[in-house]
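**Q** What follows is the residue order along each chain.
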Amino acid sequence: MADFLQLLISGLATGAIYALAAIGFTLLWQTSQTINFAQGEFVMVPAFLALIAMRWLGLPFVASLVVAVLASMLLLGVAFRYVVVGPLIRRGVLPLVISTIALGILLKEGVKDFYSAEAQSFPTLLPDTLITVAGVSVSLAQLGVLVVAFAVIGGLQWFLAGTRTGRQMQATAQNPTVAQILGVPIERMILYTFLINAVLAAMASILISPIYLAKFSNGETLGLIAFVAAIVGGFNQVRGAIVGGLLIGVLDNLAAAYVSTAYRQAIPLLLLVLVILFRPQGLLGRREERAV
Amino acid sequence: MSAGRSLLVGLALVAVLALVPVDLTDIGLPYPGLRRYGTYILTLWLVTAIAAMGVNLIVGYAGQETLAQAAFVGIGAYLTAIVTKAGVPFGVAFAASALVTFVVGVLLGFPALRVQKHYLAFVTLAFTVLCWLVFRNEQWLTGGVMGIRDIERPSFLGWPLRNHVRFYWFVLGITSILTFVLWWILRSPWGRAFTALRENPLRAESLGIDVRLYTLVAFALGCAYGGMAGSLYAPLVEFIDPSPFALGPSLLFMLMVVIGGSGTFLGPFVGAGIAVLLPEWLRAWETWYLLIYAVLVMVMMAFFPGGIVGLLSRLLARRGTATGGRP
Amino acid sequence: MLRRTLALAALALGGLGATAGNAQEIVIPNIIELSGGGATVGAMWKNGSSMAVEEINAKGGILGKKVKLEFIDTASDPGKARAAVQRALDDKPIAIFGPIYSGSVSATMKLTADAEIPQVMGGEAGPLTAQGSKYIFRTSFGQNVSMPKIANYLRDGVKAKNVAVVFVNNDFGKGGRDAIVKELNARDIKVVADVSTEPGQADFAADVIKVKGTNADAVFVYLNEEESARFLREAKKQGLNKPLIGETTLLGQKVIELAGDAANGVKGHVGLTVDAPLPSVQEFGKKYEAKYKSKPDHNGIKGYIAPYMIKAAAEKAGKLDGKAIAAALHGLTITPDKEPGILIEATFDDTGEIDRISFLGEVKDGKQVITETLPKLKK
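Chains as they are written, first to last, in the numbering used here: chain B, 1 to 292; chain V, 293 to 619; chain D, 620 to 998.
Calculated from the structure, these hints are not laboratory results.
Ideal Cβ placement from N, Cα and C applies to all residues, glycine included.
Check each hint, because a few of them may be wrong.
What the hints assert, rightly or not - Per the computed footprint, the stretches of chain V lying under chain B, defined by three or more beta-carbons under 8 angstroms from a beta-carbon of chain B, are:
id, segment
1, 415–425
2, 463–474
3, 589–600
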């Protein structure tokens with residue numbers, strides 16, 4: 001039983017990080033029809049931005065984190081929106097999908113060629129000290145991850161439901177045409193979505209790189225998990241992405257321990273296929289009407 | 293261009309391609325031909341083009357999305373490798389690969405094509421990773437991570453094909469036949485139905501075209517082309533392991549078709565050519581080629597979504613009208 | 620359409636040219652892992668071999684000719700490795716270095732054997748020297764040599780009756796796992812857990828939990844560098860307090876760097892190590908660190924001795940010919956007093972297997988410490 005609880009807690013901790021990546025992905029898809037195949041790389045890059053700030057600019061750790069978040073907002077938010085997505089969205093969705101696939105490759109190769117092909121250790125904000133409760137050992141770092149992730153998610157939920165801008169963003173996501181008629185500045189709302197995605201990705205990056213080690217290839221696994229979590233949870237709800245992320249985190253651990261470590265990657269994927277075939281709106285989503 | 297003219301151009305191209313790796317100095321022409329490696333690259337280009345043609349059919353003509361082509365190439369490759377090592381003649385293995393991948397394509401497409409377009413990309417993505425896991429884990433069948441070694445090249449009617457130029461001619465022959473088949477399909481009423489599907493599926497449906505059936509057939513046929521490419525890939529490289537059949541290569545297949553020109557006939561050849569030759573051209577900047585490739589794709593998508601073939605068409609057409617218009 | 624086709628054809632043919640070479644120097648292609656899972660390993664090899672070639676050239680080269688190294692990235696992919704070796708062989712070099720990953724070596728061996736060009740590689744999978752190629756040469760022990768030594772250590776040193784095996788599911792890890800399980804079974808030691816992990820895996824929580832749940836007396840960890848570091852950190856985090864035993868990689872410099880103090884207490888067999896208590900090896904370590912501003916690991920040593928192996932064999936054969944060099948290497952013993960570059964005395968047998976002394980070590984306070992030296996198999 002202690003084993004199961006241990007797996008559960010570990011799973012929730014990594015799952016919370018997956019949730020951050022999945023939420024951003026969902027928001028982008030909902031608001032601007034952007035399927036960001038580079039989302040995994042978006043979670044890989046900010047850690048390197050922080051490392052660059054530390055090693056090349058000589059800044060202390062916390063300052064580097066701040067720099068990384070701001071730089072992400074600029075590069076992965078503003079630049080992504082206006083340089084990549086903007087010109088392409090009018091060409092149709094397929095060119096945009098192809099471009100984000102290419103962007104993912106670009107970011108991955110860029111980090112590999114300009115920084116390093118090897119894994120880098122990444123400092124953690126919280127120490128690794130163990131706390132044991134009822135036979136389950138949790139490290140402070142893991143608890144910290146859970147706390148930070150949930151705080152971010154909570155903050156986002158409050159923002160979306162509780163503030164005017166947030167509700168305007170939700171309106172844009174649900175029906176841009178109507179929102180525009182009602183006077184919502186949808187261009188600005190879309191920009192905000194991109195910025196939020198950049199911040200969420202940066203937070204995920206900072207939380208996961210101490211565990212995963214910062215490496216240019218991290219995006220591959222993280223991206224796949226973000227897609228699965230977002231779709232399984234339910235595309236038209238931010239809550240769906242949260243549930244999806246946590247579910248995948250826990251499921252992955254349980255699959256590895258109880259099913260087969262060689263096929264652990266298969267379980268979330270099988271879940272994805274089943275959900276798409278039988279309940280495409282996801283576990284928490286609402287059925288969407290097909291646009292004619 | 294009329295059908296007859298197209299066929300003549302095609303034959304001429306095949307003849308030229310057949311001569312490219314051959315050393316012509318023996319008959320007095322100052323052309324040294326290609327060495328082993330050059331011929332190998334040329335053959336790889338043809339094999340990649342077959343798989344790319346399959347993706348082009350699914351994406352460019354039927355308007356769907358697929359990230360599973362690498363998995364189908366893998367199924368064809370492993371099937372051929374396992375079966376020829378057990379003594380079955382290559383021809384049978386090739387036919388079996390085509391058939392099996394067609395059937396798997398139907399089984400995958402049948403439920404998957406019901407969902408909205410972008411979900412299809414994710415289902416095919418999941419399929420690819422699942423196939424790759426099976427290739428890697430089932431060591432008793434596929435050799436697992438060690439792969440399958442020393443795959444023999446077949447003989448054609450008793451004539452051994454171990455030699456690199458002969459095997460190239462063999463692959464060239466098969467590619468020509470497969471290209472011709474696709475060309476014929478696209479010119480037939482089926483092909484026109486595909487174009488209708490791509491442009492406006494609802495309208496096509498209202499005109500009585502069974503959208504689902506046509507899409508399913510296009511999808512399965514595209515996958516079968518992947519399987520056939522895999523069947524040729526195994527004896528070409530003489531060694532297979534799971535790595536070329538993972539998610540990354542599937543993404544690259546999509547990219548190469550789009551760069552070449554999605555929905556155009558020559559697009560897959562151009563795209564495959566770039567994918568195979570670009571690393572060679574950029575050998576001085578060896579590790580940078582993927583980076584440059586990615587930038588190229590992004591620029592093309594923004595400015596020339598018709599791909600390279602589309603771009604060339606526009607350039608040549610413009611020059612044509614400027615001089616008073618010529619076919 | 621016709622003009623378009625011709626334009627495309629012209630563009631394409633432009634890409635199939637050949638390269639020229641300089642006849643006054645010896646070009647040796649290094650076809651190694653410079654990206655992908657093996658990036659760390661390849662980088663070390665590259666540095667080691669470059670340093671060796673600089674020294675060799677400073678002393679006049681091999682048989683009077685300077686040596687130039689070419690580096691080609693296999694991206695840790697056997698298919699690419701094969702294509703790269705094929706291309707390199709077209710230029711008829713006197714030797715080929717690499718790959719280091721056993722899967723890629725396996726995919727390329729036949730090519731070098733057919734072309735009769737010696738291939739000095741870093742792979743450790745057992746079967747590589749058992750396939751009858753007269754042109755394959757190791758720079759470090761095969762698993763067929765190292766695993767029996769570890770099994771002996773587990774039986775006599777750790778006195779373990781039950782062992783949990785954690786391995787990475789690639790050519791290196793699977794080969795090692797198969798070899799150690801065979802050796803453990805032969806010594807009546809029970810394998811109580813057989814945990815496969817993914818290359819590039821980041822989350823080891825489930826794997827550590829699985830091992831914790833067994834009654835293992837020791838855990839044999841056989842992963843690549845980065846994964847080893849992540850496993851060790853997770854093991855420390857969860858308080859896994861069984862002895863962690865490994866082979867070279869687990870006690871290597873890179874792993875110690877990435878794992879921090881989670882690496883302390885790890886023990887194992889070290890076939891090749893920079894911390895060997897031999898002046899030649901210590902000297903190498905200092906030179907490498909001064910030049911590259913970071914500590915080397917065993918892969919750096921492998922890369923370093925490769926050019927010296929070719930030098931010694933070429934000098935014995937008297938000519939710069941691949942076939943002759945390979946023949947000269949078989950049965951050759953290279954000693955550090957005649958050829959300091961070899962660092963430790965090494966004997967190569969007819970199958971290309973290398974025989975050398977090896978060590979048992981432990982990680983203490985963030986450094987690898989050698990606790991025992993084991994002799995060569997045959998004197």
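**Q** It remains to establish, for every hint, whether it holds in the given structure.
**A** Tested hints:
Given as covered by chain B, the segment 415–425 of chain V passes the check, having 7 residues with a CB less than 8 angstroms from a CB of that chain where 3 are the minimum. A count of 0 residues in the segment 463–474 of chain V with a Cβ less than 8 angstroms from any Cβ of chain B is obtained; the coverage claim is therefore unmet, three being the minimum. Counting residues of the segment 589–600 of chain V whose beta carbon lies closer than 8 angstroms to any beta carbon of chain B gives 5, which reaches the threshold of three, so the coverage claim holds.
In summary, the one numbered hint that this structure violates is 2.
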